[in-house]
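Novice: Chain by chain, the residues:
There are 2 protein chains.
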Amino acid sequence: MANEKKIIECVPNFSEGRDLDKIEKIVNPFRGKDNVKLLDYSRDEDHNRVVVTVVGEPEAVKNAVIEAMGIAVELIDLRKHEGQHPRMGAIDVVPFIPIKNVTMEEAIALAKEVAKEASEKYNLPIYLYEKAASTPARENLANVRKGEFEGMEEKFKNPEWKPDFGPDIVHESAGVTAVGARMPLVAFNVNLDTPNLQITDKIAKNVRFIGGGLRFCKAMGVELKERGITQVSMNMTDYSKTALYRAFEMVKMEAKRYGVNVVGSEVIGLVPMQALVDSAVYYMGIEDFSMDQILENRLME
Amino acid sequence: MANEKKIIECVPNFSEGRDLDKIEKIVNPFRGKDNVKLLDYSRDEDHNRVVVTVVGEPEAVKNAVIEAMGIAVELIDLRKHEGQHPRMGAIDVVPFIPIKNVTMEEAIALAKEVAKEASEKYNLPIYLYEKAASTPARENLANVRKGEFEGMEEKFKNPEWKPDFGPDIVHESAGVTAVGARMPLVAFNVNLDTPNLQITDKIAKNVRFIGGGLRFCKAMGVELKERGITQVSMNMTDYSKTALYRAFEMVKMEAKRYGVNVVGSEVIGLVPMQALVDSAVYYMGIEDFSMDQILENRLME
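Sequence lines, in order, name chains U and H. First residue of the first sequence? That's 16 in this note's numbering, and the numbers climb one at a time after it. First residue of the second sequence? That's 16 in this note's numbering, and the numbers climb one at a time after it.
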C-alpha cells in the first residue's frame, strides 16, 4: 500500500566557498531535473567549501552528482586552495544517505557505482568510506583524509592506502575524493544549567562512543555564553540504533554526579520523523506502534 | 516553500452495515476521482452502519460527499433500519477534519457548504454540530442525535431544535443528518498494572473533561482480561490543545494514589505526526522546535 518511491539523499562537499560563479556552475546540475531536488547549498568562505544537500530518486541523483563532479574537476584547482576545513579533493566527500524505501545496502551500491563511473570519467582516485568502506581503517573519514591534498602523494605510496577506484596517482588539480554511504546525521544538543565547560566536557566524553559511551554518538562540550550555560553538543550518527532519548537520558544521568541539571535540548537542522517518534514511543511506553499509524504516512501513499 | 496543497478528511457515517451491494454503491463516489482518496470504509453488522474515511482536496471531497449522500438518501430507508448504534439519518453524521494547510475555519465553512447544498438537493433537514455548531447545545453530537430517527418529528416541534439547513420536516426515509467539523481524534489508551476496573474507572473519571480533568479528553476504564490488567481508554478530541503526554502523565499521577503503575500505552489507528512530535519535544525539552525540521516534511515540498 505504501508509496514505494525510493528517495536517497546526497550531501557532496566541494572545495570552493568563495567564487560564487563557480559555485553556481557546480550546483547547476541539481536544478531543473526530474526526480532530483536541491534542498540546500551553503558555502563557507573561511572553510572555502560548499555543502550541497540534494534528494531524489537514486538513479537521477547519481547522474546529477556525477555531472556536478565533472564540473568541479574542471573548475577547482586544489593547488591554489586554502581554507580552514581539512580537504583532499575538489570534490572532497560524497556521502549517500538512505531516506525512504532505500536500504543501506542500496546506498552502498549506489556509492560504488558513482565512485566507479566518476573515477573512470575524470581519471580521479576515489576512496570508499563509512558504511561503503572496503577496510575498517577507511570507515572513518578523518583517517581517509589524513594528510589532506598535499599529503596524498605520500599516502598513495603505502599499499594499504591504494584508492578503491581510479588511478593510483593523485589527480593533479582535483586531488582525491571520498565517496560513501551513511545514516542521516541528527545534530542534537542537550543544555545544562552550569557555565562550567570542564564539567560539560567530561559529560560529553562519557556519553560519546570513543569515551566508552553510546555507539552512534559523537559529543563535545560547548559554551552558550549569552545564556551563561553550556551544552553537550552531539552528532547522532545512527538514530535508528542510538536513539535520541537514550543520549538525552545518559547526559542527564552523567550530569547528576556534578549536581548539574538538564534545562532543555535542541535539534539543529533536519531530523527524520522516526527519530522523534521513537522517543515519544519510549517515554509513553506505546506498545506495538507502527509508522503506518502516522496519518501523514498514510496520506503520502 | 512548503507544499501548499490543502488536505481535508471526511468521515461520513451511513446507516447501512449489512447490504454489501448498497454499501458499495454509497462508497463508489469516493473512488477513481482526482484529488480524492478513499482511505478506509468499515461496516459493522451489529451497528448496521458503515464508517467511511476519505481525504483529499476540499472542493473535490465536498463534491464526492454530496454525491454519496444522494445515493444514501435513495438506498437507505430509516423506517426499516435497526442496529445497536444510535442514528437519526440515512447519512447520520458527516464530520470534516482539517489535516494539512486547512484551518478549522475552512473546515467549518466547508461543512456549511455541504449542509446547504445537500439539504437543498435532497430536501434533507441538517444540523450543524461540533465546531460548526450554531448553538452551544448543538456542539455535542449526542445531544443533537438524542431521540434518534424515531424521535425527530417530536424534536422538530421544539423551536430550539429547528434544523440549521433544509426543511423543518424530517425526511420520510432518510431522517436527519448532522454535518460538522472537528479535530482528528486520537485513540490513546494507558495500561495499568491492576486488574481492578473500579480503580481504573475512578482514574478515568478524574482525567476526563466531564470529571474535572483535561479539556479535550474523553475516558473510561476498560478491562484487558487476557493480560489480567486494565486500561484508561481515552479519546483525545483535540491533541493540539490537550497533548498526549499530558494525559499520559495525568493518568500516572492519579494512579499513584492507588499504588497502581502505568505499564505502557497504545495508540489505536491513525495519529497525526504532530501529536507524537509534541510529546517527544516535551519529554526532551527540545527548544524552538519547528515541524519544518522534520525531514519528511521537507521532502513533501
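Incorrect hints may have been included.
Same chains, same label: a pair holds when it works inside one copy or across any pair of copies.
[To be verified] Straight-line distance between alpha carbons at most 27 Å, and here's what the computed DSS-like set of lysine-lysine pairs gives:
1) K146 <-> K233
2) K52 <-> K115
3) K95 <-> K240
4) K172 <-> K127
5) K37 <-> K267
6) K48 <-> K271
7) K115 <-> K20
8) K115 <-> K240
9) K21 <-> K52
10) K48 <-> K21
11) K21 <-> K127
12) K256 <-> K21
13) K48 <-> K177
14) K220 <-> K37
15) K172 <-> K48
16) K21 <-> K115
Don't read these hints as lab results, they were simulated from the structure. It should be emphasised that the depicted structure is a prediction, and the values quoted were computed from it without experimental measurement.
Novice: So, for every hint listed, does it hold in this structure?
Specialist: Verification of the hints:
Taking the closest pair of Cα atoms, K146 and K233 come within 27 Å of each other only inside a single copy of the chain (17 Å); across copies the shortest separation is 48 Å, beyond that limit. Taking the shortest alpha-carbon separations for K52 and K115, both the intra-copy value of 14 Å and the inter-copy value of 22 Å come in at or below 27 Å. Neither within a single protomer nor between protomers do K95 and K240 lie at most 27 Å apart by alpha-carbon distance, with minima of 37 Å and 75 Å respectively. Proximity of K172 to K127 under the C-alpha cut-off of 27 Å is restricted to the intra-copy arrangement: shortest distance 23 Å within a copy versus 78 Å between copies.
Proximity of K37 and K267 under a CA criterion of 27 Å is satisfied in neither setting, with 46 Å inside one chain copy and 59 Å between copies. With identical chains, the CA atoms of K48 and K271 are never at most 27 Å apart, being 52 Å at best within one copy and 59 Å at best between copies. Taking the shortest alpha-carbon separations for K115 and K20, both the intra-copy value of 8 Å and the inter-copy value of 21 Å come in at or below 27 Å. In this assembly of identical chains, K115 and K240 lie within 27 Å of each other by CA distance neither inside one copy nor across copies; the values are 39 Å within and 39 Å between.
Within a single copy, K21 and K52 get their C-alpha atoms as close as 13 Å, and across copies as close as 22 Å, so both meet the 27 Å cut-off. Proximity of K48 to K21 under the C-alpha cut-off of 27 Å is found in both arrangements, the shortest distances being 16 Å within a copy and 26 Å between copies. For the homomeric pair K21 and K127, the shortest alpha-carbon distance inside one copy (18 Å) is at most 27 Å, but the shortest distance between copies (41 Å) is not. Proximity of K256 to K21 under the C-alpha cut-off of 27 Å is restricted to the intra-copy arrangement: shortest distance 22 Å within a copy versus 35 Å between copies.
Taking the shortest Cα distances, K48 and K177 never come within 27 Å of each other, neither inside one copy (35 Å) nor across copies (58 Å). For the identical chains of this complex, K220 and K37 are neighbours neither inside a copy (40 Å) nor across copies (67 Å), given an alpha-carbon limit of 27 Å. Taking identical chains as interchangeable, the C-alpha atoms of K172 and K48 are never at most 27 Å apart, the minima being 41 Å within one chain and 65 Å between chains. Taking the closest pair of Cα atoms, K21 and K115 come within 27 Å of each other both inside a single copy (6 Å) and across two copies (23 Å).
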